[in-house]
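Going down the list, the sequences are from chains A and B.
Each residue of the first sequence is one higher than the one before, counting from 1 in my numbering.
Each residue of the second sequence is one higher than the one before, counting from 331 in my numbering.
Check before you lean on any hint, since a few could be wrong.
[Stated by the list, open to error] Rough simulated footprint, nothing fancy, chain A against chain B, three-plus residues with beta-carbon under 8 Å: (1) 411–422; (2) 463–470.
[Claimed, not checked] Okay, derived cross-link-like pairs now, BS3-like style, lysine-lysine, Cα gap no bigger than 25 Å in a straight line: (3) A:Lys77 / A:Lys117; (4) B:Lys332 / A:Lys77; (5) B:Lys332 / A:Lys138; (6) A:Lys117 / B:Lys332.
No wet-lab data here; the hints were simulated from the structure.
For each residue, glycine too, the CB sits at the ideal point set by N, CA and C.
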Amino acid sequence: MDAIITTHELKKSFRSPRGSVDAVRGVSFDVARGEIFGFLGPNGAGKTTTLRMLTTLLPIDGGTAVVAGCDVAHRPKAVRARIGYVSQLGGADAMATGAENLVLQGRLYGGDLATVKARAEALMEILDLAEFAHRKVKTYSGGQRRRLDVALGIIHEPEVLFLDEPSTGLDPQNRANLWDHVRALRDRGTTIFLTTHYLEEADALCDRLVIMDHGEIVVEGTPRDLKRQVAGESVVLSLRDADGAGERASALLGAQPYVRELSDEGDQVRLYVEDGGEALPQILRLLDAEHIGVRSMHLSEPTLDDVFLRQTGRSLRDAGSGTGDEGRAA
Amino acid sequence: MKTVRDTGLLFHRYIVQMLRNPVWLVVGFSTPILYLVLFTPLLKSLPGVRGFPTGGVLQIFLPGILALLAFASGSSAGFGTIFELQSGLIERLRVTPASRFAILFGPLLSGLVTMTVFDAVVVAVGVGFGFHVHWAGLAVLTVLLWLLATLMGAFSTATALVTKEISAFAAVINGINLPILLLAGVLLPISLGPLWLRVLAHLNPLYYLVVAARSLAVGHIATAVVWQAFAVLVPLCVLVLAWATRVFRRAVA
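The task is simple: from the sequences and hints, build the whole structure.
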């Protein structure tokens, strides 16, 4: 593999009033040139911290990282010249126009005015921003602003573009539109490194990804291979509130030969079966015989959430909510 | 060379932004003018009081206002930094290869330009009230005011980067501002006060500038107080600029 990012045992801890918190605990991975590589995990998993180390924004506590041929710790300036970075906040100047933002950014990367202007114009065309080029950024919609943020990240034609939670706050339509633009960028040769806590985003967009939890890489692979590891299909049963219905159903179904794995999630029971079509009628008959009421039944292909669940014992949808970073790392 | 170029680029961004926000400019202009119009009349009876320096009231008071202006324009720089930190702009700049000194100094430079324009207006209004202009003295004073504003601006920006949020930043800056201003004799000369106050004032860098400013306003340039002001402000300015650049270079969350 022609790796454009290589990390080895990357570590970062933060001091807090209650002692040291290990945000990233020895992370090693490679990103191939020209791919969209994703970091998927709940909030507080250490995704953003890793990304901030790779982009020279945070000092590295331990391990090494090489980005675009340059060691991040020893040659941060060289790394900065070769990468683009779009933070969660974006950072565009709201009081300036989109074009002004792009021209300043391009010039800070060392470009001369004429080249930068031409490049800004071309980028705004590509990212469907041409008609807003000379309007102030504060008048932009969320989707337009996000596309401008991406343009700011690629004005200097970097080898790698880092996107931190790129679609946070976007509606589904704008999200899909952003994905198209990101894919188009990859097709033109830019390597993309992104973090996300959206399963759908990781699944739809990434060529390869790692799943991160508690500062460690849990699993790595293509979305397809990862999902294939979770054999078969998943059936989610939603049960009527009768005493111990979930437990009784779990005990009953867990004993069936066609059920590979099972998890009891309170009023829901999730099973993994070899062949959903065959299993469904059997499951229904069985529950009916035991007078366990079924509210709904849902058959699905495995998702990355199933992968996460299998690796960590928690659902990614639950893992991210509620507690802050420190709570997660504890 | 790269530092100069990057500073120029960022200076341009900030000055354009400032001109697009005229409300801010009006507020900035009105403060010193209000001092001149509403405070000067109170000082009419002061000449002749023991400890009051010789010379017209405005020759004493107007340099104090200029010092106050430089101090305030510098120390308020961090409020913008806090806003830029929260909008992601600082991070966006830090990830580019732009010089760290330029990221700090670009906005400070635009502050110096606006301050100099304010100063000119204050002096012009002062002349209307009877202030007598000594050009050479005023030129040297302008350099001292730039030093002070840069020193305070760098300090304020770095404090903003360290505190990261508005309430902690405002607490630090306001907590420091009041004692420094009172102990510098900005509005009334410290020479009016008792010995302990006069001794304490010598620990305050702003005091040296205010004393030098009053000397320069009456055209006394080659005096000990002027040299002392440079001797205090130049090293302090270099030190704080170096510290603030280091803060930019290090991690800022």
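Here is what the structure says about each hint:
no.	hint	result
1	411–422	holds (count 7)
2	463–470	violated (count 0)
3	A:Lys77 / A:Lys117	24 Å, holds
4	B:Lys332 / A:Lys77	13 Å, holds
5	B:Lys332 / A:Lys138	31 Å, violated
6	A:Lys117 / B:Lys332	20 Å, holds
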